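Following the hints, position chain B against chain A.
Protein chains in written order, with this note's numbering: chain A, 56 to 324; chain B, 2 to 290.
Keep in mind the hints are simulated off the structure, nothing from the lab.
Some hints here could point you the wrong way.
[Stated by the list, open to error] Straight line, CA to CA, 16 angstroms or less: simulated EDC-like cross-link-like pairs of lysine to aspartate or glutamate:
| id | chain 1 | residue 1 | chain 2 | residue 2 |
| --- | --- | --- | --- | --- |
| 1 | B | K41 | B | D257 |
| 2 | A | K177 | B | D257 |
| 3 | A | K153 | B | E250 |
| 4 | B | K65 | B | D238 |
| 5 | B | K65 | B | E250 |
| 6 | B | K65 | B | D151 |
[To be verified] Computed from the model, here is a short list of chain A residues facing chain B with C-beta under 10 angstroms:
| id | residue |
| --- | --- |
| 7 | F107 |
| 8 | L125 |
| 9 | M129 |
| 10 | A142 |
| 11 | F143 |
| 12 | F196 |
| 13 | S198 |
| 14 | V222 |
| 15 | C225 |
| 16 | V275 |
From a predicted model like this one, the values you see are computed outputs, not experimental measurements.
Positions of the beta carbon are idealized from the N, C-alpha and C atoms, including for glycine.
Each chain, letter by letter, is given below.
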Amino acid sequence: MTRVDTILMRAAGWMLAALWILPLLYAVWAAFHAPEYEAKFDLTAPWTLANFPRAWEQAPFARYFLNTILLVTMILSVQLVLCTLAAFAFARLSFPGKNVAFALVLVQLLVVPDILLVENYKTMRMLGLVDTILAIGLPYFASGFAIFLLRQTFMTIPKELDEAARVEGCGLLGLLWRVYVPLGKPAMLAFGLVSVSHHWNNFLWPLIITNSVETRPLTVGLSIFSTTDSGIDWALINAATLMTSAPLLLGFLLFQRQFVQSFMRAGIK
Amino acid sequence: MRREWVHAWLLILPAFVFLLAFTHIPVVQTLLNSFWSNPKGRRAAAFVGFDNYAAMLADPIFAKAMVNSAIYAAITIPASVGLSLAMALFVHRRFRGVAVMRMAYFTPTVLPLIAVANIWLFFYAPGFGLIDQIRGLFGLPSVNLVGQPDTALYAVAAVTVWKEAGFFMIFYLAALQTIPEPLREAAAIEGCRPWTFFRRVTWPLIMPTTLFVSVNAVINAFRLVDHVFVMTRGGPDNASQLLLYYIYEVGFRFWDTAYASALTVVLVVILSIVGIGQFFAADRKVHYK
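Excised from the complex, chain A in its bound form (with noise of 0.2 angstroms):
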């Protein structure tokens, strides 16, 4: 490439990063400067803390904090075992039905458990679960993109490394605990963070599915936080958006290169 052409790239980059940055940094703005501010926009405004505590105190944050950490906590840890176990069988075990378990697995890639609204909450309401935080993560346990991503990994681990193990005398168990698992973590992280990011951001089944402070999410208590408010206060509702996706931002920033091959892993199959 010439200079010139590097040059336009260069500027066309930064152009299209300056708009695209730009909403999320007016509402930064906005969450940071006293609410008087909001409709004139006007860069020697005084920055204010305040906005921040308002919002804290106003809806249960706190509660939804605790929901949305148990609920990506229960989910990861259900999925990991569930999957490692089954994508172990699929890797490595040959079976009659394989071919078919393995491609009702890849059925779920498509038809995600999102879209069964009405008929996996006659399930909950018939098990009594409606209401629970058991009801939300249930139909994400089994996850076929997990059982997908550990039978692609696991199929790369050489045989050698199991004849070794069985001649030790580990059996099929031991085998997956000593040999696949502890080969199959960066898999296992990969998944983790997109399956970590993708139930704290998760909003229509648990919207559905909770009507109690002591079970909503993040998502679905910052969505009847701004729009119940009677008379918007933006600077307050700006203030909930970026408290309750901090974490998750944080997150990104301090392990970005983790994030974006993990991001990367999990979509090339």
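Chain B alone, transformed into the frame defined by chain A:
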């Protein structure tokens, strides 16, 4: 051998209980329920054949939701794919500040869609939002982009593109990194212009990524409606009504679960067609090395 079979089934059984209970059985149940009426009081559900589907064809809001979903897909898919490719081309070489540029593109991806919706609602807000403030500088009147029927859908689509382009960018970045450097050097020696190089070499080589990203964009276009809840609630006057949002309204606000099942069947069929299409496209059209 027999023991291996038993072990294998025991290993996949726990996962399969959940898969069947919350994905496969619900799909079948949805299909069956779409041929039955709602139970009313003591009256049990009755078999109604294709009545729910006939009602669907006569339902103007369903028609509106389908047209909107099509427009929404037609905007968000090419826009987010094109922009993500541009972003990847901008940041795939090292230079001072590249990390900042990449962060600017990628950050929206990390935010919850509900938070994104709030941020944009404020950005669009008549009188308060940056758009209106800039218009004010030029003496233009205030506009309510999410509140008027002819712009609401586009306002929502813009938010989707903002949220997903950075995500797709990383797949293109990975693909661009696999293009061998000698090819670029050879092209440079031959005096090949960057645009020609892009069209003849880069574009065909990253075709699998484009397919992957496009399929994801299609799926997102039908599956992601969180922002609609915050920004427009499908309005005004169904102007931004999308299929999944309509399923929610029918199923959980009007409690017409039979009709909601029929609508869900339509959504499942659409997603299946996308999946099958991807399978065949990956087989034929796409150039793998």
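- Message: For a quick check of understanding: which of the numbered hints are violated here, in increasing order?
- Response: 3, 7, 8, 9, 14, 15
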